[in-house]
Every structure is written in C-alpha cells, then in structure tokens.
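**Q** Listed below are the residues making up each chain.
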Amino acid sequence: MKMIKNLVVFLVISSFFLVTHAYGVEKRLLFHAGLGQRAALNEIKAVFEKRHPDIKVNFSYKGSGYFIADITRSRQGDLFMPGEEFYLMQAVERGFLTDYEPKTDIPAYFVTVIITPKGNPKNIKKIEDFAKPGVRVGLGNPRSCAIGIWHQKTFKKAGIWDKVKENATLSAKCIPELGNATQHRAIDATIVWATTAVLYLRDVEIIPIEHKYRGIIRLPVGVLKFARYREEAQGLMDFILSEEGRAIFHKHAYAVNPVIPVDKQGFCLDGTTDQDMEYLVNSAKAVKDESFPVTKETVGDLAGEVLRQKKTTRAGD
Amino acid sequence: MDLRSRGGWWPALCIGITGIILAVYILLVTSNWIYLGLHDTLYFFSKSRMWERFWLTVWTATVSMSFSLLIGIPAGYALSRFRFPCRYLFASIIDLPIVVSPAVVGAFLFGITTRFPFDWISEYYGIYIGRNVYGVLLVQFTVTAAFCARLMKASFDMIPTRFEAVSHSLGASPSRTFFKVVLPMAKNGIIASMIVVWARAAAEWEGLMLFVGATEGKTDIMPFAIYLDWNGGMMGWVTSMSIVCILMAISAISAMKIIGGKSNVW
Amino acid sequence: MSGERHSRKIFNAFFYSFAGFLFLYSAYLFLSNLDQLFVTEAAVKTREITNWGEDREILNQFAGGFWKDPYFWKSLNLTLVITLITTLIATLLGIPTAYALSRYRIPGKSMVEIFFSSLMVMPGSVIGICLIVMFNYGPLWDLQNLLGFKFAHSIFPGMVIASLVLSFAFGMSAWKATFDSVNPRFEQVARSLGSNRWRAFKTITFPLAKSGIVTGIILAWTRAMAEFSAVLFFCGTFRELPASRFSDFTKFLQMDQADWVSVAVWAQVEFGNIEYGFALAFVLVFIGGISVYVMHRIGAKGYVW
Chain A
682 MKMIKNLVVF
692 LVISSFFLVT
702 HAYGVEKRLL
712 FHAGLGQRAA
722 LNEIKAVFEK
732 RHPDIKVNFS
742 YKGSGYFIAD
752 ITRSRQGDLF
762 MPGEEFYLMQ
772 AVERGFLTDY
782 EPKTDIPAYF
792 VTVIITPKGN
802 PKNIKKIEDF
812 AKPGVRVGLG
822 NPRSCAIGIW
832 HQKTFKKAGI
842 WDKVKENATL
852 SAKCIPELGN
862 ATQHRAIDAT
872 IVWATTAVLY
882 LRDVEIIPIE
892 HKYRGIIRLP
902 VGVLKFARYR
912 EEAQGLMDFI
922 LSEEGRAIFH
932 KHAYAVNPVI
942 PVDKQGFCLD
952 GTTDQDMEYL
962 VNSAKAVKDE
972 SFPVTKETVG
982 DLAGEVLRQK
992 KTTRAGD
Chain B
47 MDLRSRGGWW
57 PALCIGITGI
67 ILAVYILLVT
77 SNWIYLGLHD
87 TLYFFSKSRM
97 WERFWLTVWT
107 ATVSMSFSLL
117 IGIPAGYALS
127 RFRFPCRYLF
137 ASIIDLPIVV
147 SPAVVGAFLF
157 GITTRFPFDW
167 ISEYYGIYIG
177 RNVYGVLLVQ
187 FTVTAAFCAR
197 LMKASFDMIP
207 TRFEAVSHSL
217 GASPSRTFFK
227 VVLPMAKNGI
237 IASMIVVWAR
247 AAAEWEGLML
257 FVGATEGKTD
267 IMPFAIYLDW
277 NGGMMGWVTS
287 MSIVCILMAI
297 SAISAMKIIG
307 GKSNVW
Chain C
379 MSGERHSRKI
389 FNAFFYSFAG
399 FLFLYSAYLF
409 LSNLDQLFVT
419 EAAVKTREIT
429 NWGEDREILN
439 QFAGGFWKDP
449 YFWKSLNLTL
459 VITLITTLIA
469 TLLGIPTAYA
479 LSRYRIPGKS
489 MVEIFFSSLM
499 VMPGSVIGIC
509 LIVMFNYGPL
519 WDLQNLLGFK
529 FAHSIFPGMV
539 IASLVLSFAF
549 GMSAWKATFD
559 SVNPRFEQVA
569 RSLGSNRWRA
579 FKTITFPLAK
589 SGIVTGIILA
599 WTRAMAEFSA
609 VLFFCGTFRE
619 LPASRFSDFT
629 KFLQMDQADW
639 VSVAVWAQVE
649 FGNIEYGFAL
659 AFVLVFIGGI
669 SVYVMHRIGA
679 KGYVW
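Protein chains in written order, with my numbering: chain A, 682 to 998; chain B, 47 to 312; chain C, 379 to 683.
FYI, nobody ran anything at the bench for these hints, they're computed from the structure.
Mixed in with the good hints there might be a few duds.
[Claimed, not checked] For each label pair, taking beta carbons as the anchor points, the in silico distance ranges come out as:
{"#": "1", "chain 1": "A", "residue 1": "K803", "chain 2": "C", "residue 2": "L525", "range": "15 to 21 Å"}
{"#": "2", "chain 1": "B", "residue 1": "W97", "chain 2": "A", "residue 2": "T779", "range": "40 to 46 Å"}
{"#": "3", "chain 1": "C", "residue 1": "A621", "chain 2": "B", "residue 2": "L73", "range": "31 to 37 Å"}
{"#": "4", "chain 1": "A", "residue 1": "D944", "chain 2": "B", "residue 2": "I167", "range": "49 to 55 Å"}
{"#": "5", "chain 1": "A", "residue 1": "K893", "chain 2": "B", "residue 2": "S94", "range": "45 to 51 Å"}
{"#": "6", "chain 1": "B", "residue 1": "M231", "chain 2": "C", "residue 2": "K588", "range": "28 to 34 Å"}
{"#": "7", "chain 1": "B", "residue 1": "G65", "chain 2": "C", "residue 2": "A621", "range": "39 to 45 Å"}
{"#": "8", "chain 1": "B", "residue 1": "I80", "chain 2": "C", "residue 2": "L470", "range": "53 to 59 Å"}
{"#": "9", "chain 1": "C", "residue 1": "Q632", "chain 2": "B", "residue 2": "I80", "range": "18 to 24 Å"}
{"#": "10", "chain 1": "C", "residue 1": "P562", "chain 2": "B", "residue 2": "F91", "range": "43 to 49 Å"}
[To be verified] In silico DSBU-like pairs for lysine-lysine, Cα to Cα no more than 30 Å straight-line:
{"#": "11", "chain 1": "A", "residue 1": "K708", "chain 2": "B", "residue 2": "K264"}
{"#": "12", "chain 1": "C", "residue 1": "K387", "chain 2": "A", "residue 2": "K803"}
{"#": "13", "chain 1": "B", "residue 1": "K233", "chain 2": "C", "residue 2": "K629"}
{"#": "14", "chain 1": "A", "residue 1": "K708", "chain 2": "A", "residue 2": "K806"}
{"#": "15", "chain 1": "A", "residue 1": "K906", "chain 2": "A", "residue 2": "K803"}
{"#": "16", "chain 1": "B", "residue 1": "K233", "chain 2": "A", "residue 2": "K992"}
{"#": "17", "chain 1": "C", "residue 1": "K528", "chain 2": "A", "residue 2": "K813"}
{"#": "18", "chain 1": "B", "residue 1": "K93", "chain 2": "A", "residue 2": "K969"}
{"#": "19", "chain 1": "B", "residue 1": "K93", "chain 2": "A", "residue 2": "K966"}
[To be verified] Computed from the model, here is a short list of chain C residues facing chain A with C-beta under 8 Å:
{"#": "20", "residue": "G526"}
{"#": "21", "residue": "A530"}
{"#": "22", "residue": "E618"}
{"#": "23", "residue": "S622"}
{"#": "24", "residue": "V647"}
{"#": "25", "residue": "F649"}
{"#": "26", "residue": "G650"}
Built from N, CA and C at the ideal position, the CB exists for glycine as well.
Sequences and hints are given; from them, build the entire structure.
**A** What follows is the structure in structure tokens.
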C-alpha cells in the first residue's frame with residue numbers, strides 16, 4: 682500500500698542516484714598517506730583539483746605498518762606517502778614502487794621538536810630532562826608510527842633510553858595521539874614532528890631540540906606499480922615535488938630546504954633548520970599572546986596557521 | 047505514589063541512585079558545550095565544512111536505511127512467523143555482525159572487499175569499491191540490516207497471528223494478507239524501526255576506520271570526521287561535531303517516540 | 379486447493395530468501411576471511427625487515443600463533459575482568475534505576491527515557507570525546523589533581539568507566555522493560571498485606587522478573603565486550619609500556635601490558651600483523667556468538683542492542 686509504494690519509489694531513486702554517482706566522468710586517484718600529513722595534503726588536493734577538474738583525489742589514512750599489508754592484499758592505490766622513508770623502502774623491496782629516486786623524490790622533511798603542555802609544568806628544557814624522575818613521557822609505537830623509531834634513536838643517542846622507557850605513560854599508535862595527550866595534559870613531555878606541534882599552538886609549549894639530537898626525517902612520495910591512472914598520478918607527484926607544492930608544505934611547518942646536512946643516523950649537523958624553529962616558537966607565542974606581532978619576519982610562512990588558530994578561543998579550527 | 051511510607055529506604059535508594067546517574071550522564075553530554083563556550087560554538091556552526099559532513103551523514107544513512115528496510119522487513123517476518131529447525135542458530139548467525147564491535151566487522155569487511163564479488167566489480171567498473179562512499183554504504187548496511195531484522199521481528203511478534211488466520215479463512219491469498227493486514231498493523235513498528243536504523247547508520251564509524259579512506263567531504267561521515275579531526279588536533283571541530291551528533295541522536299529518538307507512539311519495540 | 383498450497387509455498391520461499399540472504403551474508407563475511415589467518419610468505423618477509431623486537435617465531439605460525447603468545451591471554455584476561463566488573467557495577471546501579479524509572483513518578487521521566495535510548499544510537503567516538511573532555515577539563519580535573527590520580531589512560535577506573543557508559547544504558551533499558559512487564563498490582567497486594575517496599579520487591583517482583591534480569595545482565599556484558607571507541611579514546615593501549623607502570627595488583631591478575639581485545643584487534647591490524655589481528659577478531663566473534671545464542675535460548679524477547 683502507500684507506504685510500501687513510497688519505500689519502493691525511494692529505493693529506486695536511491696539506486697538511480699548511486700548508479701549515476703558511480704559513472705561519474707572523473708578519474709579518482711587513491712592516495713595512501715600517513716595521518717600526520719592530512720593538513721598539508723588537503724591543501725595540495727584543493728589546489729590540484731582546481732587545476733585539473735577531471736581528477737579527484739581520495740586519501741586513505743592508515744598506520745604505517747598497515748600500508749604494506751593493505752597494498753599487498755588489495756593491490757589498489759596510485760600514490761604512496763608514508764611518514765618515513767623506511768616504510769617506502771619496504772614497498773620498493775616488494776616491488777610495489779617502480780621508479781623511486783631517493784635524491785629527488787623528497788618533497789619535504791620533518792623536524793623533531795619537544796612539546797609540553799601549556800605552562801611546562803615539569804620544566805623540560807632539553808632532551809636530558811626526559812629522564813628526570815616523575816616526568817610522564819609519551820612514546821610512539823615504532824610498529825605503527827614513524828615517530829617511534831625516532832624516539833628510540835634520539836634517546837639512545839643521549840644514553841637515557843632505559844630511564845625514559847621507565848617514565849613512559851603513553852604508547853601512541855599514531856603521532857597525533859601524542860599531540861592530543863599533550864594538549865590534554867595527560868603527559869608531561871614528548872617529541873613530535875614540527876608539523877604536528879604546529880596544530881596545537883594554543884595549548885602546548887614548543888621547545889626546539891639542540892642540533893645533535895634534532896632529527897631530520899625524509900618524507901618520500903612515490904607512484905605505485907598498480908596505479909590505475911598512471912599519468913595523472915605522476916602529474917600529482919610532480920606537483921607535490923614542485924616549488925609550489927613545497928611552499929604549501931612549508932606553510933605547515935615542514936622543512937623544505939633543498940639540502941640539509943645530516944649525519945649518518947639522520948641527526949642534523951648545522952643550523953639550517955634553526956630559522957624554521959624560531960618561526961615555530963614565535964607562532965606559539967603569537968597565538969597565546971594577543972600583542973605579539975604576526976609578520977613575515979616573526980613567523981615566516983606559518984602566518985596562515987597562526988591566524989587560523991587565533992580565531993577561536995579553544996584550540997583548533 | 048507515596049514516597050515516604052514504610053520501608054522508605056528502598057525508594058529513596060532507587061531515586062537517589064537514579065538522580066546521581068542522571069547527573070553524571072548529563073554532565074557527560076554537556077561537557078562539550080561547557081568546554082566550547084558560546085562564541086566558539088557559533089563560529090564552528092557557521093562553517094560550511096560542518097554542514098557538508100552533516101549532509102553526507104544524512105544522505106548515506108538514508109540510503110543504507112532504505113536498503114536495510116528492504117531486506118529487514120521480510121527477514122523479520124520470516125524470523126517471527128516461521129518455525130524451522132535450528133532457528134536459534136540461524137538467528138544467532140544473522141545477529142553476529144551487530145553483536146561484536148563494529149571495528150571487528152570493519153576488519154572483516156576489509157577482507158571481503160579484496161575478493162569476489164567486490165574485486166570483480168572493482169575491475170569491471172574502474173571504481174574502488176571499498177575506498178569511497180560505497181564503502182561507507184556497505185558498512186552501514188552490514189551493521190543495520192540484521193538490526194532492522196531484529197526490530198521488525200520484535201514488532202511482528204506483537205501482532206497476534208489470529209488476524210492472519212481470520213484473513214486466510216476469509217479467502218485472501220497470503221500475499222494479500224501480508225500487505226493488507228499485517229503491514230498496516232505493523233506500521234508504527236516499521237516507522238519506529240526506520241528512525242532507529244537511520245540513527246544507528248548515522249552513528250557508524252568504527253567499521254570505516256580500517257578500509258574506507260578519509261576523503262574530505264566524500265567519505266568522512268560525522269563520527270568518522272570526529273575521529274580524524276581528533277587525530278589532527280582540531281579540538282574545536284571535534285567538540286562542535288560531537289554536539290551535532292548528540293543532537294542528531296536525541297532528536298531521532300524523540301521523533302521515534304513521538305511518531306512511533308505505541309510501538310513497544312524499543 | 380493445490381494452487382493455494384503452491385502460492386503459499388512461493389510466499390514462504392520469498393520471505394525465507396530474505397532471511398537466507400542475511401544469513402548467507404553474515405556467514406560469508408566471517409568465513410571468507412578465514413584465509414586471512416594463514417601466514418603468507420610476503421608477511422614473513424615483511425616481518426624480517428621490521429624487527430621491532432617481537433617474537434617472530436611465534437608470529438610466523440598459523441594465525442600468528444596467538445595461543446602461544448602471553449599477550450593474547452593477558453588481553454583476554456584484562457577484557458574479561460574489566461567487563462565483569464563493569465557488568466557488576468551496571469547491575470548494582472541499573473536495577474534500582476530501572477525500578478525507579480518504571481514505578482515511580484519522576485519529573486521529566488519521558489525525557490530521561492529518550493536520553494537513555496539515544497545513548498544507544500550515539501556514535502562511540504562522541505562518547506569517547508565526552509569522557510575525555512569531562513575528565514580532563516573543569517572541576518573533575520581539579521578533583522583528579524587532588525587525588526593525585528588521573529582517570530584517562532588508566533586501566534582501573536578508566537577502562538571500567540569507558541565500558542560502563544554504554545553497558546549501563548543497554549542493561550537499564552532491558553531491566554526497565556522487564557519491570558514494566560511485571561504487573562505492579564502484585565506489589566501493591568503484598569504491601570497491603572503488610573510487607574514493606576523492599577520486601578515486596580525482593581520476594582515478589584524480583585523472582586517474577588528473574589529471566590528478564592538475567593537477560594539484561596547478559597546484554598550488558600555483551601555490550602561491554604563490544605565496546606571499542608570509548609576505550610580507544612579514553613585509555614589507549616598499554617602493551618609497550620614498561621612493567622614498572624603497572625601496580626602489583628594488576629600484575630597479580632595477569633593484566634599488565636595487555637590491551638582491551640577490540641582495541642588489540644585494531645592495533646594489530648594497524649601494525650601489519652594481519653593474521654594475529656584476525657585471530658583476535660575471530661575469538662571475539664566466537665564469544666559474541668555464544669552469548670547471543672544463549673540469549674536466544676533463554677527466550678530474550680527480541681531485546682535489541
């Protein structure tokens with residue numbers, strides 16, 4: 682009767698809607714990326730889609746350890762941008778990436794910084810302070826997020842890895858979890874990338890790490906072997922590697938200097954990234970303090986982030 | 047009812063516990079408002095990003111709801127009226143996707159999208175079946191179809207079989223009985239189930255975590271967007287979207303109580 | 379006559395087919411993933427590259443060798459202990475609340491019913507966020523500072539609270555429906571014969587509602603076991619934390635360095651140990667299947683979750 686007829690009509694309309702949705706004329710790229718890159722990649726996607734109206738980019742965010750399993754089982758995907766080169770090398774080993782050039786296919790670098798909750802209650806100033814008793818430290822899980830590898834490396838180099846492990850309160854599966862825990866004062870200190878720290882400017886204190894412990898991490902990007910739309914994927918990758926793409930990354934606190942001298946393990950050797958660190962610390966001050974001037978000299982390219990976060994009293998637009 | 051009579055400690059205990067529990071739960075859901083403050087709430091509600099997610103949630107939930115209803119009403123009728131051997135085992139297996147955590151269901155759905163018939167569809171049509179909004183619809187359908195069948199079974203159970211027997215004795219064919227006698231009597235139950243199934247589909251997100259990617263505006267329905275923004279440090283978005291989700295759930299259930307009326311299903 | 383039987387058969391078959399579709403869909407969903415339990419060579423090679431100190435010998439066996447790994451047993455232990463505590467607290471708090479909501483006139487009762495019903499369709503991430511905001515900001519934060527103990531990211535109050543929120547709501551709905559179905563006249567008769575309220579409840583209402591109460595307890599336990607998002611947001615994982623983080627009591631109960639099983643499924647799959655994750659998932663499905671079968675057998679009147 683009437684209701685059944687309504688239901689059937691509704692169903693027919695929905696399936697019609699679905700089918701037309703399916704036969705859209707756009708090409709859809711599937712981009713596997715780490716969750717930490719979401720902000721920058723959204724902006725890149727917006728610019729790219731405006732230039733190429735017939736290409737749409739879909740992101741698939743996974744834990745770093747899950748990428749290989751997912752790609753192996755599903756054999757789907759056009760582009761791959763894990764949080765650390767290590768995971769990309771695994772894909773290269775398995776033959777998923779065809780042509781990856783370690784020298785040129787790096788759009789940006791991560792830089793490690795220390796973050797603490799607002800007010801820095803335990804007065805953390807340097808890496809060695811992590812071993813102080815009573816400091817609640819958040820560590821990353823190396824299996825699932827790239828920062829875990831760097832926590833181990835940094836603290837082992839400082840020789841305090843065992844003590845820091847004793848202080849560990851939180852084992853994070855993904856790097857944003859560390860940022861959230863710091864924002865909520867669940868931990869007292871942790872090390873994250875600058876790109877994560879820049880998301881929480883209002884609620885954390887940012888402390889740059891000294892050169893010998895500051896890690897520079899290469900963020901790679903590559904086109905997968907079973908890409909469905911190879912030329913379009915290559916086009917997107919070229920855009921990411923171009924000057925414009927790198928400028929977008931720089932706006933989100935990645936380091937995009939073409940050459941950063943690093944030692945064998947990846948710790949930086951000189952002050953190439955010091956300017957970026959200064960911008961970051963100034964941004965944190967600018968969001969918290971109304972009278973701090975927001976100009977190109979003080980915060981550099983991060984002005985967009987600062988202005989965005991100043992709009993709300995509670996963190997995060 | 048007189049609350050101060052003999053043996054007054056039991057009612058006092060009950061009411062006291064109820065009051066405390068209510069206060070805690072109300073604090074739970076209003077803490078978002080308190081955290082966010084009025085100015086920020088209005089700011090976030092004025093951004094179009096919020097309403098894009100809202101619309102996405104609404105239309106995907108509606109489409110999954112219609113598919114679930116289509117399958118759930120006949121299945122509920124079958125479960126309610128027919129007696130066949132091992133029907134408990136049958137019903138248990140049907141109920142499995144809604145008993146376990148949706149994260150587990152999501153893991154299994156990830157496995158299923160990499161094999162027949164989904165990879166065949168994927169190859170033939172050139173679409174990634176699990177990675178876009180179809181994945182969302184698939185997950186929502188999986189967790190609500192059995193739920194709908196269970197709700198419909200409960201509401202069909204409320205209708206005595208006498209009416210059908212009388213209708214048969216008067217010469218109506220079984221299908222005519224079903225459409226003209228049973229369904230109108232179950233109308234309240236169907237409407238109530240419809241709204242509840244819609245609300246459940248709009249609240250489904252754990253199944254999306256493992257295999258449906260997160261494309262801004264295309265696949266992140268509201269609860270999933272809360273998780274993603276939580277992982278992006280956008281506390282303001284997180285709390286304001288939580289407020290919208292809470293309001294959606296409460297208004298759906300209120301609508302169910304008002305429209306469904308005496309359905310006795312929930 | 380036979381035409382009528384024929385049309386009846388077609389009618390029945392039509393309806394059976396829908397129920398059958400659901401059955402086959404559910405069975406296919408679970409059974410077709412059985413081959414995820416088998417270790418592929420690709421997975422073995424990946425684990426050789428990522429040497430994060432796991433026991434590769436165990437992980438490279440069928441289904442990740444889950445029965446040999448102490449982490450699996452500890453996680454199961456943790457989940458069972460916490461869900462039993464949650465169910466106990468939900469029962470002790472829920473039965474009086476359900477009784478009060480069923481029998482007594484409380485102002486705004488319909489609003490309260492709507493509120494608790496809507497908790498059942500609320501997304502888990504919202505519950506998790508509300509818990510975090512409630513405990514880490516505002517007056518409760520100061521209270522926690524006073525006690526020197528933080529609720530978030532902890533096992534004992536944290537996980538219990540996270541699973542209690544929804545388990546309580548589900549159990550209370552079931553118990554309220556049970557008490558609604560028991561005629562209040564019996565209690566009134568008992569009270570007119572001189573017994574007080576508590577005695578009337580204990581000797582009249584409770585035995586009559588017994589099967590409904592048992593159903594509610596099983597329902598609350600099942601829902602607590604199926605909790606995922608609230609535990610994920612509020613507590614996180616505990617596997618890699620050092621042993622000194624856990625109290626002696628936790629170690630005595632064999633719950634240290636373990637995770638909630640639903641969270642462990644997701645975590646293991648995210649780490650890349652697919653076989654292990656799916657083995658945990660199958661264990662959860664098995665436990666859920668048994669509990670739902672028991673609920674059907676004891677005649678739960680279509681209580682929905």
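**Q** So, for every hint listed, does it hold in this structure?
**A** Consistency of the hints with the structure:
no., hint, result
1, A/K803 <-> C/L525: 15 to 21 Å, "holds, 19 Å"
2, B/W97 <-> A/T779: 40 to 46 Å, "holds, 42 Å"
3, C/A621 <-> B/L73: 31 to 37 Å, "holds, 35 Å"
4, A/D944 <-> B/I167: 49 to 55 Å, "holds, 51 Å"
5, A/K893 <-> B/S94: 45 to 51 Å, "holds, 47 Å"
6, B/M231 <-> C/K588: 28 to 34 Å, "holds, 31 Å"
7, B/G65 <-> C/A621: 39 to 45 Å, "holds, 42 Å"
8, B/I80 <-> C/L470: 53 to 59 Å, "violated, 29 Å"
9, C/Q632 <-> B/I80: 18 to 24 Å, "violated, 40 Å"
10, C/P562 <-> B/F91: 43 to 49 Å, "holds, 45 Å"
11, A/K708 <-> B/K264, "holds, 15 Å"
12, C/K387 <-> A/K803, "violated, 76 Å"
13, B/K233 <-> C/K629, "violated, 55 Å"
14, A/K708 <-> A/K806, "violated, 50 Å"
15, A/K906 <-> A/K803, "violated, 49 Å"
16, B/K233 <-> A/K992, "violated, 49 Å"
17, C/K528 <-> A/K813, "holds, 20 Å"
18, B/K93 <-> A/K969, "holds, 23 Å"
19, B/K93 <-> A/K966, "holds, 26 Å"
20, G526, "violated, 12 Å"
21, A530, "holds, 6 Å"
22, E618, "holds, 4 Å"
23, S622, "holds, 6 Å"
24, V647, "holds, 6 Å"
25, F649, "holds, 4 Å"
26, G650, "holds, 4 Å"
The structure is inconsistent with the numbered hints 8, 9, 12, 13, 14, 15, 16, 20, although it conforms to all the rest.
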